[in-house]
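Trainee: From first to last, the protein sequence lines stand for chains A and B. Heads up: the first sequence at position 222 corresponds to 222 in the numbering used here, and the numbers run straight through without jumps. Offset between the second sequence (1-based) and the numbering used here: plus 1000.
It should be emphasised that the hints constitute simulated quantities derived from the structure, not laboratory data. Just to be clear, a hint being listed does not mean it is correct.
[Said to hold, decoys possible] Computed spacing ranges between beta-carbons, pair by pair:
id, chain 1, residue 1, chain 2, residue 2, range
1, A, 87, B, 1385, 53 to 63 angstroms
2, B, 1407, A, 240, 58 to 68 angstroms
3, A, 207, B, 1382, 24 to 34 angstroms
4, B, 1807, A, 73, 33 to 43 angstroms
5, A, 75, B, 1340, 42 to 52 angstroms
In this text, all values refer to a predicted model and were calculated from it rather than measured experimentally. Every residue, glycine too, gets a C-beta built ideally from N, C-alpha and C.
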Amino acid sequence: MTQPALLTKNDESADGTAARVVEARKSYGSGDSEVVALDGVSVGFHTGAFTAIMGPSGSGKSTLMHCMAGLDTLTSGQAFVGDTDLATLSDRQRTLLRRDRLGFVFQAFNLVPTLTAEENITLPGDLAGGRLDREWFDTVVSTLKLGDRLDHRPSQLSGGQQQRVAVARALVSRPDVVFGDEPTGALDSRTSTELLRFLRSAVDDLAQTVVMVTHDPVAASYADRVVFLADGAIVDELLDPTRDTVLETMKRLGD
Amino acid sequence: MVKLSLRSLLMHKLRLFLTVAAVTVGVAFVSGTFVLSDTMSKAFDELYEGLTRGTDVAVRAEAAYSDITTQGQLRPLDESLVDVVRDVPGVEVAQGSLTGFALILDKDGEPIQPGGAPTLGASTSADERLAGAFTYRDGRAPSGANEVALDAASAAKAGYTVGDEVDIVFEEGKQTFSVVGVVGFGETDSLAGATMAAFDTATAQQLLGKTGKVDEIAVKAAEGVGAEELRDDIAAALPEGVEALTGREVAEEGSAAVREGLGLFTNILLVFAGVSLLVGSFVIWNTFNVLVAQRRREVALLRAVGATRPQVLGGIVIEALVIGLVSAAVGLLSGIGLAVGIRELLAAIGIEVPTTSAAVEPRTMVAALLVGVVVTVVAAVAPAWGATRVAPVEALREATPVSGGIGPVRRTVGLVLLLAGLVGLVACAVVENQPLLTGVSTLVGFAGLVTSGPLLARGMARLADRGRRGGGWRMAARNIARAPRRSAATALALTIGLTVVCAVAVTAASTKTSLADIVADGNRSDLILKPASTGAGGMSPGAAEVLRDLDELDAVVEARYSGAQVDGSSSFVVGMPREGLAEVADLGIASGSLDDFGRGSMLLGVKQAQAFGLEPGDGITVTFPETGDVELTVAATFERDAIVGSAYLLSLDDFAANVTSRLDSAILLSYAEGVAPAQVKQSVEAAVADYPNVKVSDPDELTKDAQAQVDQMLGIVTALLLLAVVVAILGIVNTLVLSVVERTRELGLMRAVGATRKQVRTVVRRESVLMSLLGALTGIALGTAAGIALSRSLADQGVTSLEVPVATLAVYLVVAAVVGVLAAIGPARRASRVDVLRAITVE
């Protein structure tokens, strides 16, 4: 049931990992009613790679992502973005870290409804008051085929377009890591495929690092590597997954 | 449905509190107004009832006419009439009584002067059966030329007890008396705040300048004789011009006069109450709107599972009813407290209001409940109606409620109304003297603001939608534009209060400038003597007499005022001596000559002369309340009526012949040539030292005093309107909290992608500031226009100049912005503490 050797190797050194956790533990409540969401997880995510985190509901995959992204804090253990230990940061510093070094794509409600697509894409940069890298912006926008949608409000965009805008927002600041929390969860299979191709090309063509939580084997198959969680612990992983190997692993773990 | 409604109410305690507060303030104002005026009426009723107790019939001179301006002025009767009355069969006791001017001085020689209430000298009742509620708390009845009894309130105020010496100033001058008694009136210490020095009848006649006269004859009927019957018997024995009334009739007449006086006061307070209520209903309307919008999904779900439209509508109306009832009840209770507060406020500026236990009439309770419940339900019905039109399918949709803009019809109607209101105000300003039209135009303009409000909110948002991308102003502006109706309704609550405040401020500033201009324009006097208290009464004529003996003075001109009818319409006339008139005032004679002015003639204001179609040489009828019609000739017409305070200037001789009171309201002095001004002022002050209620001012000081009074009124009005502004602030808080709750996910998202707490707070705060500024700008604009029109409407009341207090208005604008910042503190904190994880996790 366990194959820890490969994982441990990653954890030993920070070289080549954009984000990692060491002995991450997260629990809610205390005493008898204590619920453990993460139970001593150690894992690293390679720079320039597309990693998927899978697991059944309640396995802790979302909690792991939230803690790595500075949206939540660990009960014990450490979470790093690059060399930065998130536990040493204040709430404000974590906010700035999210803004400047991370990108996010959520399942739904990704965009601020009062802002146009372009304003949504540049929101983190605008909040930072920094100057926009126009060339990179154009690259991202053309990669995501959003050129003719920039003046639209979210309510004027389809679900797939909204998610593409979210991806563009996540990429435009050239973050260390882009975190996706079931980014295709609310999309039909065609737009879902389209979005995954964009994420793939963000890694391949734009040299970005993507970590994506998903429960969809098809989505996971676009990744370079899949990490499987169950009951708050890492139970398996796959390199160069296909839909079939993912399904197979899930089935094996489910037994 | 009832259960569901109540549960949903209790689930949102903050919202409930804010909504209740909004209605409560309005209701409190209405009920407070009623309680205060009812309490005052009751106090006067008790007083009159007490005073006339035991008196079955009262005999007094008939008034030529009587209204609020005449203050019950009556000609004294000849003392011999007392015997005539006493001889009428059925009379057990008949006794004459007098009242007049007597100013009690405290131990430092300063006058004991109640604000507004008279300072009375009176005769005591020799016969106990006619004493009514008049009782000796201490000591005994005065007897002889050196004894006095004081009312308990004055005695307490100055620390006088039986045996003390007291100085009292009369029309003729100052005298010293020995206090032999302290008088109470039933349970109260004074006659509605008036001071009273009581003497025996003969002393009173001499001191009050009514030797051989009495003002009224009180009669007690013999056993078994009815009051009405006796009244008729006595009336038959009386000469022409003297009337007999029953005690009850006198009491009722007194109460009615008080009620009439209070009516005006009540109406003014009710205007403020109306403003508060209007503001409150805006807040409620807004709250229910948001509440319904937020619950679209809930409502749709209810509809989907089979709730009928009336059930949904009923549910919301029940919520409104509960809120209305609770608010009305709380408001009624606070109103009773508020009545006390207003009375204190008035007392603080010297208007003492008589009091008794708070009178809470059934009418007050009904009004409070009606106002609270009706306003709340009406304000809730429109949104509720909207709620029932929610299609059940909405339950399945993502629901960030969007309140739309406005259609072309509403836009057109709104702009037309706004324009009509403003054109009306401009017209009023040009035409002058159109107070009613000014009010109507202001209301029309406000209706225009209400109708086109969302448009204005969008415009405001467009103006603010600039600056750095992602900056607070941009985000705030977008949020304002997202729900323009709600933003507009929130801002308009502030608009109402500010419109009135600014209109009053402009009028006050214009009045102040006018006061200065009047003095600068027509005044030629060097010193002006006025009573130290602005209340009733005046200065003893002795003061002017003393001054005539001073060589340093060139002219001494006194002025007295009385209510009188000129050509049949009620007004005030002024009496001044011909001698020295030209030295103290430049009246601006338009036609005729001042030389023709004297006994039997009068000076007439130009405008009034035009209105009556009179020219110098024509006859005119002046009706005095005491003496009736007097025929006079117009000697000249004059421009500057404001300087003498009336457009009807009579000679002092004619005035004195028809008005019993000889108190001067003002004395104008001009220096003789070549004297040193400072020195003259000193000798004038020394000369009138025996008249401690005389205040010597130069024209500048007088202007400043008058302006200070205007400021004081402005202060009171602003204080009363403060409540309306507080409600409007609650409305802003309400709207912000609700919109923050609505936007939880959006705020969480912003926090997730890197907005700091501070940035989130900034956005909410700037939304608040934008709404406040929208309210302030519209309020200041409309209020200034209304204020200009109102100032021009009061041109005939002496507001001859126009002044827009730009600095004050700028302060209001800044205060509004600050208010916006303050109102946002809570909501902004709430927004910044949004749980990011919960917000971005799909439930």
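Trainee: Next step is simple, just say for each hint if it's right about the structure.
Mentor: Structure-based check of each hint:
1. 87/A - 1385/B: 53 to 63 angstroms: holds (54 angstroms)
2. 1407/B - 240/A: 58 to 68 angstroms: holds (59 angstroms)
3. 207/A - 1382/B: 24 to 34 angstroms: Given a distance of about 57 angstroms, which is not inside 24 to 34 angstroms, the answer is violated.
4. 1807/B - 73/A: 33 to 43 angstroms: violated (53 angstroms)
5. 75/A - 1340/B: 42 to 52 angstroms: Hint violated: Cβ distance 58 angstroms, outside 42 to 52 angstroms.
The structure is inconsistent with the numbered hints 3, 4 and 5, although it conforms to all the rest.
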